[in-house]
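Residue strings, one per chain:
Protein chains: 2
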Amino acid sequence: MSDHPEAPVTPVAAHEPPYYLAVFSAVRTQDQSGFGETNARMEDLVRNIPGFLGMDHAQTPGGLGITVGYFRDPDALAQWRTHAEHRAAQQHGRAEWYENYTLHVAKVERSHGFVRADGPATE
Amino acid sequence: MSDHPEAPVTPVAAHEPPYYLAVFSAVRTQDQSGFGETNARMEDLVRNIPGFLGMDHAQTPGGLGITVGYFRDPDALAQWRTHAEHRAAQQHGRAEWYENYTLHVAKVERSHGFVRADGPATE
Numbered sequence: 003m004s005d006h007p008e009a010p011v012t013p014v015a016a017h018e019p020p021y022y023l024a025v026f027s028a029v030r031t032q033d034q035s036g037f038g039e040t041n042a043r044m045e046d047l048v049r050n051i052p053g054f055l056g057m058d059h060a061q062t063p064g065g066l067g068i069t070v071g072y073f074r075d076p077d078a079l080a081q082w083r084t085h086a087e088h089r090a091a092q093q094h095g096r097a098e099w100y101e102n103y104t105l106h107v108a109k110v111e112r113s114h115g116f117v118r119a120d121g122p123a124t125e
Numbered sequence: 003m004s005d006h007p008e009a010p011v012t013p014v015a016a017h018e019p020p021y022y023l024a025v026f027s028a029v030r031t032q033d034q035s036g037f038g039e040t041n042a043r044m045e046d047l048v049r050n051i052p053g054f055l056g057m058d059h060a061q062t063p064g065g066l067g068i069t070v071g072y073f074r075d076p077d078a079l080a081q082w083r084t085h086a087e088h089r090a091a092q093q094h095g096r097a098e099w100y101e102n103y104t105l106h107v108a109k110v111e112r113s114h115g116f117v118r119a120d121g122p123a124t125e
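Just so you know, the sequences run in chain order A and B. Each number in the numbering used here corresponds to the 1-based position in the first sequence with 2 added. Each number in the numbering used here corresponds to the 1-based position in the second sequence with 2 added.
One chain only, chain A, in its complex shape (with noise of 0.2 Å):
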């Protein structure tokens, strides 16, 4: 999934308000034939679109899954929501690989982050 296996897991930063966010929280069903390509190919994708600030995912073992994409105004998720291969792989999604799923789109009015200072090597 990485090329930096040591690197650690941190959330995407708190941006500058406002800002987009759009949540999708899934459940998939037991066919996941072709999943892992089209998803490793929308990250790249997404990635690419410009004023797109970065993606958060949990996934519950057999459970929940939640996908969390940040963008710096509405044209960047327009640019998301339209692209072709995104809708196409959105229809494949519905025809195979979603049990169910809800989005979210909303509009950032605030946020903060927050980052553990007292690592052992500052005692």
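Among the hints, erroneous ones may be present.
The list treats identical chains as interchangeable, and a pair is accepted whether it falls inside one copy or across any two copies.
What the hints assert, rightly or not - Heads up, simulated SDA-like pairs for lysine to any residue below, C-alpha to C-alpha not over 20 Å straight-line: (1) Lys109 - Gly65; (2) Lys109 - Ile51; (3) Lys109 - Gly38; (4) Lys109 - Pro52; (5) Lys109 - Glu39; (6) Lys109 - Gly64; (7) Lys109 - Thr31; (8) Lys109 - Val48.
Since the hints were made in silico from the structure, they are not lab data.
Position chain B against the provided structure of chain A, taking the given hints into account.
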């Protein structure tokens, strides 16, 4: 975790916009003493907030956890944000349980859901 282990997992449904959501994306520390009890207590408390619409959670083992809470309006969100027990739990979280986290609070502008229709029984 649930009294209904057979119930299918489904994410919180799309509501009529506008409504609010809070995305909390976090990586936890090694020492999770007391986390489970406090987390369960917070789940009980938030469900009693008038205007609370629901909550989704996904957790990648050993990685990122994402919790998304949904609220009818800013008042509901403010009640939760300023709840005394919740504030104490947040403080404890920064002191003990979280390596890092990001919180994004956003106003939902549109949403939709999908549920697979073609179960085996209908074929």
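Taking the hints in turn, this is what the structure says about them:
| no. | hint | result |
| --- | --- | --- |
| 1 | Lys109 - Gly65 | neither (27 Å within a copy, 26 Å between copies) |
| 2 | Lys109 - Ile51 | within (18 Å within a copy, 23 Å between copies) |
| 3 | Lys109 - Gly38 | neither (29 Å within a copy, 31 Å between copies) |
| 4 | Lys109 - Pro52 | within (18 Å within a copy, 23 Å between copies) |
| 5 | Lys109 - Glu39 | neither (30 Å within a copy, 33 Å between copies) |
| 6 | Lys109 - Gly64 | neither (30 Å within a copy, 30 Å between copies) |
| 7 | Lys109 - Thr31 | neither (30 Å within a copy, 30 Å between copies) |
| 8 | Lys109 - Val48 | within (19 Å within a copy, 23 Å between copies) |
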